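> Residue numbering for the sequence shown follows the working numbering, beginning at 96 and increasing consecutively.
Since the hints were made in silico from the structure, they are not lab data.
A quick note: this is a predicted structure, and the numbers were derived from the prediction, not measured.
It is possible that part of the hints are untrue.
Stated by the list, open to error - Pairwise CB distance ranges, derived in the manner of DEER restraints: (1) ASP126 <-> ALA266: 17 to 25 Å; (2) ALA259 <-> GLY127: 31 to 39 Å; (3) ALA224 <-> THR201: 18 to 26 Å; (4) GLY166 <-> HIS226: 36 to 44 Å; (5) ASN214 <-> GLN148: 30 to 38 Å; (6) ALA259 <-> GLY128: 27 to 35 Å; (7) GLU265 <-> ALA131: 33 to 41 Å; (8) ALA266 <-> ALA185: 33 to 41 Å.
Built from N, CA and C at the ideal position, the CB exists for glycine as well.
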Amino acid sequence: MRLIALLLSLGLSAAAPSAMAAPGFSFASIDGGDIALEGFRGRPILVVNTASQCGFTPQYDGLQRLHERYGPRGLVVLAVPSNDFNQELASEAKVKEFCDVNFGLTLPMTEITHVKGSNAHPFYRWLAAEHGFAPRWNFNKVLIGPAGELVATWGSMTKPESGAVTRQIEALLPR
């Protein structure tokens, strides 16, 4: 009963008591409104905590290429700017402009969001509590499967277009 109450309080669903899923989460969009993961049910989602002033910031190019290459087949690439590692610009407007001017990003992006600690967004608290995964730096990648299940996680050093990432993505997409 406690698990069911926890799932309901977090807006989660589960196929079985031990299989917690992510589609119930929603993020505030950098463009206004919300980005509800439920709206992407049936599609894989690559969630990446990002920062504009980080040595890994050039990975935005790879994220955009994944969006362009696999988006038409169903992949959603979601950038989650965060200042939890003190490398993000001061406002959403500055982040949006920086990403547009320097990377031509067209993929969905959230407002600046906490990804670690007690102030972390519920999605990241779920990852830590249920899967033992918390970003240790910027550009950590989390692949959520079409049913909302956690498929894989990667650290900052793994490039978005690496074989480790693309093999997992391709396995989730229709042929």
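> Each hint should be assessed against the structure and marked as holding or not.
Checked hints:
In this structure the supplied range 17 to 25 Å is violated for ASP126 paired with ALA266, their Cβ-Cβ distance being about 31 Å. Between ALA259 and GLY127 the C-beta distance comes to about 34 Å, which sits within the given range of 31 to 39 Å. The beta-carbon spacing between ALA224 and THR201, approximately 33 Å, falls outside the hinted interval of 18 to 26 Å. Taking 36 to 44 Å as the suggested C-beta distance range, the pair GLY166 and HIS226 does not conform, at roughly 25 Å.
Between ASN214 and GLN148 the beta carbons are some 20 Å apart, a value that contradicts the proposed interval 30 to 38 Å. One distance hint, 27 to 35 Å for the beta-carbon pair ALA259 and GLY128, holds here, with the actual separation near 33 Å. Judged by the Cβ atoms, the range 33 to 41 Å given for GLU265 and ALA131 is violated: they are separated by roughly 25 Å. Distance hint for ALA266 and ALA185: a CB-CB separation of about 39 Å, consistent with the stated range 33 to 41 Å.
The structure is inconsistent with the numbered hints 1, 3, 4, 5, 7, although it conforms to all the rest.
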